[in-house]
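FYI, numbering that gives the first Met the number 0 numbers position 12 of the sequence shown as 11, with every residue one higher than the one before it.
Hints were generated in silico from the structure; no laboratory data involved.
Hints are all accurate, no fakes.
Now the in silico label distances, taken between C-beta atoms and shown as ranges:
| no. | residue 1 | residue 2 | range |
| --- | --- | --- | --- |
| 1 | 77 | 40 | 20 to 30 Å |
| 2 | 85 | 3 | 29 to 39 Å |
| 3 | 17 | 92 | 31 to 41 Å |
| 4 | 2 | 64 | 19 to 29 Å |
| 5 | 69 | 92 | 27 to 37 Å |
It should be emphasised that the depicted structure is a prediction, and the values quoted were computed from it without experimental measurement.
In this text, a Cβ means the ideal position worked out from N, Cα and C, and glycines have one as well.
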Amino acid sequence: MVDQIDWHSIDIHPQKWQDENYGTAWSRRVWLDAEPTQVELTFAPLSWANVNPADAGTRHVISAGCRILYDPDALLVRLCEAIGREIEHANRRDPC
Numbered sequence: 000m001v002d003q004i005d006w007h008s009i010d011i012h013p014q015k016w017q018d019e020n021y022g023t024a025w026s027r028r029v030w031l032d033a034e035p036t037q038v039e040l041t042f043a044p045l046s047w048a049n050v051n052p053a054d055a056g057t058r059h060v061i062s063a064g065c066r067i068l069y070d071p072d073a074l075l076v077r078l079c080e081a082i083g084r085e086i087e088h089a090n091r092r093d094p095c
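Model the full structure from these sequences, guided by the hints.
Spelled out as structure tokens, the structure:
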């Protein structure tokens, strides 16, 4: 997968990568040479984006921040919105 990206066209070169297993989802973390930067690409079945209910691991990933690259059925958009509402609701109850 990392070899299939045309890194040279954007003048960035992956230095190393490692796979991480999160149960339902797995990620490939890639360290780049342009800056001390890393990118994490996560892959999961559609069920990972279930909002009724979202599991704790999914909630943590989304609340920590994510950028959706491909979501043709808007499943991740709905998940992000649902978790955003949960966070807003929790912040109203506990303003500290």
